[in-house]
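So you can see what is in the structure, the chains are spelled out below.
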Amino acid sequence: MNQENLSKINSYLSFKLGEEEFAAHVGKVLNILEMTRITEVPKAPEYMKGVINLRGIVLPVIDTRIKFGMTPTEYTANTCIIVLDIEVDNETIQIGALVDAVQAVLEIDKNKVLPPPSIGSKYRSEFIEGVANIDEKFIMILNMDAVFSIEDVASLKTKTEETDITRSVEEVG
Amino acid sequence: MDNFKKKFIEEATDLMDGLERSLLELEENPNDQSIIQQVFRAMHTLKGNSGMFGFDKIDSFTHEMETIYDLIRNDKQQVTREILDLTLAAVDHLKVLLDEESFNEPSVQENHIRLLNKVRAIINGDKKDEKLHIEKPTQPIQSEENDLGNTFYVLFDPVSELFNNGTNPLFLLDELYSLGQVKVFAHLNKIPSLDKINPELCYTYWEAIVYTQDNVNSISDVFIFVEDEATIDIQKISGGNLLADDLFITELKKLEGVQNDIGITKIQKLAQQIQSSRVKDKIVAPGVKERVQSKETAISSIRVSADKLDMLMNLVSELVTTQARLTLFAENNVESGLMPIAENVQKLSRQLRDIAFSIVLIPIENMLTRFQRLVRDLSSELGKEVVFITEGADTELDKTIIESLADPLMHILRNSIDHGIEDAEERLKKGKPKQGKINLKAFYSGANVMIQISDDGAGIDPEIISQKAISKGIITADRKLTHREVLDLVFLPGFSTAKQVTDVSGRGVGMDVVKRKIADIRGEVEIESKFGFGTTITIKLPLTLSIIDGLLVKVDDTHYIIPLSVVDKIYAIEHEKIAKTFNNIVVLDGKQIPFFYIRREFEHTESTETYEQVIVVNFEEKSVGLIVDSVVGEYQAVLKPLGKHYKKQDMISGATILGDGTVALVMDTNKIIKLFANHEDFKIGDELNKE
Amino acid sequence: MAKTILIVDDSESIREVVSFTLENEGYNVLIAIDGTDALKFLDGTHVDLIITDLHMPNMDGIELIRHVRKMEQYQRIPILFLTTESQAAKKMEAKDAGATGWIIKPFVPAKLIAALNKVLR
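Protein chains in written order, with my numbering: chain A, 27 to 199; chain B, 11 to 701; chain C, 10 to 130.
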């Protein structure tokens with residue numbers, strides 16, 4: 027999808043990680059897959075869940091929850107893999123984002139989107155494009171390129187929260 | 011650019027590369043006739059073909075160069091250093107000329123003239139008055155001709171053996187007809203009686219009256235191939251078209267049927283008669299058929315081989331994957347009777363794969379000429395005598411790897427000549443032969459290609475390196491480093507220990523860049539050096555091709571592929587035996603083999619099986635065992651990249667999709683073993699594997 | 010029926026340009042990369058004309074022509090060879106070997122066709 031058309035579309039795919047709701051621009055979404063067997067690659071960062079076969083292509087799958095500093099995804103009937111187009115180093119690659127549930131495709135008008143709060147926010151603002159209030163819920167619209175960039179830093183949480191995550195990860199680990 | 015031109019440029023480049031190689035060979039063997047022939051032939055082909063595709067400068071330039079070598083092959087000139095230098099410079103110039111725009115540069119034009127002058131000087135230096143290549147295109151005979159065409163008399167009397175050359179005289183007559191209006195008389199009087207006829211001989215001869223708007227050359231042109239095999243007489247008998255003249259035709263008819271030649275004299279007389287008795291009319295000449303020049307229509311672009319190859323490789327990959335699925339299906343549905351067919355498909359796809367690969371793999375030989383030139387030019391420039399020996403030129407590598415190798419290797423060679431090899435005086439003082447030696451050796455080792463460059467030069471002084479490292483703050487003065495560690499310092503950025511940044515290898519391009527470039531092609535580089543004696547640089551490269559023959563194994567619920575090229579043997583072993591050892595060594599076939607328990611190392615759960623499999627693999631010429639749950643079998647794995655997110659880890663070189671759709675991980679056993687060995691403080695020492 | 014022409018030349022660029030020209034004229038074109046390769050073709054396929062370069066590896070043009078003339082079915086086949094102007098001696102040699110005619114390099118397609126018309130109809 028070229029840039030021009032992209033900007034005209036206001037559709038977003040919303041998904042859940044735990045109790046929190048997020049949204050990604052549909053231009054980034056290629057596919058939604060049911061949970062399937064993921065082959066784990068040894069000695070990789072924890073958020074790299076492994077790889078799956080997507081029609082002949084080897085697709086890396088990232089545990090989005092871990093990226094957001096939550097406990098690892100527990101598989102339920104609703105767990106899905108969202109296949110996304112991500113821009114990395116001027117290249118477009120595909121990755122799979124593991125999420126707890128996919129909700130719906132929402133039309134979010136540009137003027138309904140509020141800028142992300144800069145102070146006191148739970149998550150680092152580079153990853154959040156904005157926040158929208160839909161049906162009494164706050165949905166965080168994500169910059170998927172930033173969320174899934176190749177970074178050594180596992181967490182997207184702000185510094186104050188970091189000590190909490192390490193603890194929770196160790197508990198689970 | 012049109013495709014034919016592109017094709018010619020490719021070919022010409024190959025020819026020039028070959029020419030360069032031959033010239034270097036010629037330097038070593040200046041009297042070898044066969045090499046001289048090779049050089050001459052290459053130039054000749056270049057000359058002959060370049061004109062076809064519009065490269066006139068190359069045509070004329072090579073034409074002159076060729077003259078020198080013509081003299082040489084006729085023993086009228088010796089191969090001298092001057093000539094070789096000139097020819098090599100000429101080849102460089104020719105390569106530049108392949109880019110048609112290049113001649114717009116004044117520097118190129120100057121070079122062109124300069125080289126040509128040198129060439130001519132050499133040619134003229136030859137005192138003999140021999141005339142070479144003065145053949146000018148034959149000048150067409152200009153005769154006064156009437157715009158409306160002329161009538162000619164043509165006699166065509168071929169030798170009887172005319173047919174032996176595949177000539178068909180009737181075709182030649184047809185050609186005459188295409189020139190205008192023609193009346194032909196066939197003379198059969200020479201044909202012997204039936205009993206004496208030899209059907210393989212030609213007894214007929216012809217006379218013809220030809221009217222054409224073309225000049226006489228078009229007529230003589232018709233018979234050009236048979237000039238030596240026939241008596242040909244062409245004479246203009248009149249302006250205008252006598253054949254359109256009724257009187258002429260009538261008189262001609264009278265002469266017809268005569269056994270012997272009509273003869274030119276009779277015709278001329280007749281013509282004169284007609285002319286004097288008739289008023290010349292403006293005769294509208296029949297249009298002469300023109301041969302339509304075939305237009306070069308644009309062809310839909312045919313891709314250059316490199317892309318075709320990529321496509322071919324992709325298709326072969328797809329075929330291999332699909333074939334795996336077919337085999338799996340056949341195995342699971344034995345009743346279908348598909349097994350034998352699936353086996354055949356497997357065999358065929360394997361063969362296809364091998365051939366496709368052989369096309370994609372290129373021997374490094376092609377790169378070597380570049381290096382030979384470099385060594386030659388550089389050693390001459392720096393005033394050092396260097397002998398460059400290459401071994402294993404036929405070792406093959408993936409073309410992309412070769413392309414990425416050229417720069418690092420050039421750099422290593424430069425270093426060697428510039429900083430490694432000492433000048434003649436110093437070498438003699440050291441008791442070394444005057445000539446420095448640089449050896450480039452390429453060979454296979456397990457699943458890798460090794461390229462080793464060694465010189466017998468000054469070697470690396472560990473003291474200087476350490477000092478520099480200390481002064482750069484990389485290490486502290488009291489830190490004790492092993493010999494290896496000191497040498498490895500050379501790979502750090504900014505580490506050129508050259509006292510002056512010479513024009514040749516300075517400019518901040520250091521061994522760190524070399525290391526990085528080699529790492530980019532998943533290779534490794536190591537330095538070994540003995541101060542005073544020489545340096546050896548070893549590069550290890552993977553044969554990463556998109557399809558590898560592997561051993562499919564299972565660990566827990568994950569499938570892994572171990573490249574067959576490293577697999578030595580497989581043993582079954584009791585779980586007990588492995589669990590109980592305390593030093594990671596197991597005895598197999600009387601040998602002590604260190605092992606790694608994949609389940610443990612890859613953080614799977616502990617095994618509950620009684621038996622497991624030890625895959626003994628080659629690791630740097632030693633044997634190491636990798637323990638897996640079970641071996642599934644041989645598998646042709648189509649290697650797929652894991653993606654950028656997995657770039658940091660290198661234990662798994664890629665993934666492959668199995669027949670049932672699941673993903674198997676391809677192990678890089680060298681990296682795995684290295685990693686495990688380090689992390690367990692485990693030395694895979696020589697003592698363990700004394701055979 | 011369309012005539013078949015066999016082109017023998019070790020230069021791919023020449024082979025391409027010649028076959029393109031001939032195919033445009035409606036001929037069937039077969040290609041061989043040198044004399045040895047050409048003989049393999051001639052062993053089975055029927056060919057109406059051979060166009061060959063002189064300088065080729067393995068088996069050069071002259072030798073090829075000699076071989077062809079010894080083959081029963083090709084004793085009379087028209088054979089054209091490619092030559093550069095400066096090879097007067099070669100021309101004689103080729104003709105002595107049995108060649109019908111020649112095409113001078115560099116040539117434009119029209120010249121090729123002109124030579125063709127003298128030996129093939």
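Because the hints were derived from the structure by calculation, they are not lab data. For clarity, every value in this text was computed on a predicted model and none was experimentally measured. Hints may contain errors.
Quick list of in silico lysine-lysine cross-link-like pairs, DSBU-like style, CA-CA up to 30 Å [claimed, not checked]:
(1) B/16 with C/120
(2) A/138 with A/163
(3) C/120 with B/67
Derived contacts from chain C toward chain B, CB cut-off under 8 Å, selection only [said to hold, decoys possible]:
(4) 21
(5) 23
(6) 35
(7) 76
(8) 126
Not close to chain A: a few residues of chain B, all C-beta gaps over 10 Å, as computed [as the list claims (entries may be wrong)]:
(9) 47
(10) 121
(11) 127
(12) 158
(13) 654
(14) 655
(15) 662
(16) 671
(17) 685
Ideal Cβ positions, reconstructed from N, Cα and C, are used throughout, including at glycine.
Hints versus structure:
With a C-alpha separation of about 22 Å, the suggested pair residue 16 of chain B and residue 120 of chain C falls inside the 30 Å cut-off, and the hint holds. With a C-alpha separation of about 13 Å, the suggested pairing of residue 138 of chain A with residue 163 of chain A holds against the 30 Å cut-off. Annotation: proposed proximity of residue 120 of chain C to residue 67 of chain B holds, straight-line Cα distance about 22 Å (limit 30 Å). Interface hint at residue 21 of chain C: satisfied, since its Cβ lies 6 Å from the closest Cβ of chain B, which is below the 8 Å cut-off.
About 6 Å separates the beta-carbon of residue 23 of chain C from the nearest beta-carbon of chain B, less than 8 Å, and the hint is met. Hint on residue 35 of chain C is violated. Least Cβ distance to chain B is approximately 11 Å, over the 8 Å limit. The interface hint given for residue 76 of chain C is broken, as the beta carbon of that residue sits about 14 Å from the closest beta carbon of chain B, more than 8 Å. Hint status for residue 126 of chain C relative to chain B: holds, with the closest Cβ pair at about 6 Å, below 8 Å.
A cut-off of 10 Å between C-beta atoms confirms that residue 47 of chain B is not in contact with chain A; the least separation is 52 Å. Residue placement check: residue 121 of chain B keeps its beta carbon more than 10 Å from all beta carbons of chain A (closest about 40 Å). Annotated as non-interface, residue 127 of chain B keeps its C-beta farther than 10 Å from every C-beta of chain A; the closest such distance is 50 Å. With a closest Cβ-Cβ approach of about 67 Å to chain A, residue 158 of chain B is found to remain outside the 10 Å limit, as its non-interface label requires.
The claim that residue 654 of chain B is not at the interface with chain A is violated, since a C-beta of that chain comes within 10 Å of its own (minimum 6 Å). Against chain A, the non-interface label of residue 655 of chain B is violated: not every CB pair exceeds 10 Å, the least being about 5 Å. With 10 Å as the threshold on Cβ separation, the claim that residue 662 of chain B sits away from chain A is violated: the shortest Cβ distance comes to roughly 6 Å. Not every Cβ of chain A is farther than 10 Å from the Cβ of residue 671 of chain B; the closest lies at roughly 5 Å, contradicting the non-interface assignment.
Its closest Cβ contact with chain A, about 8 Å, brings residue 685 of chain B to no more than 10 Å, contrary to its assignment away from the interface.
Hints 6, 7, 13, 14, 15, 16 and 17 from the list above are not met by this structure, while the remaining hints are.
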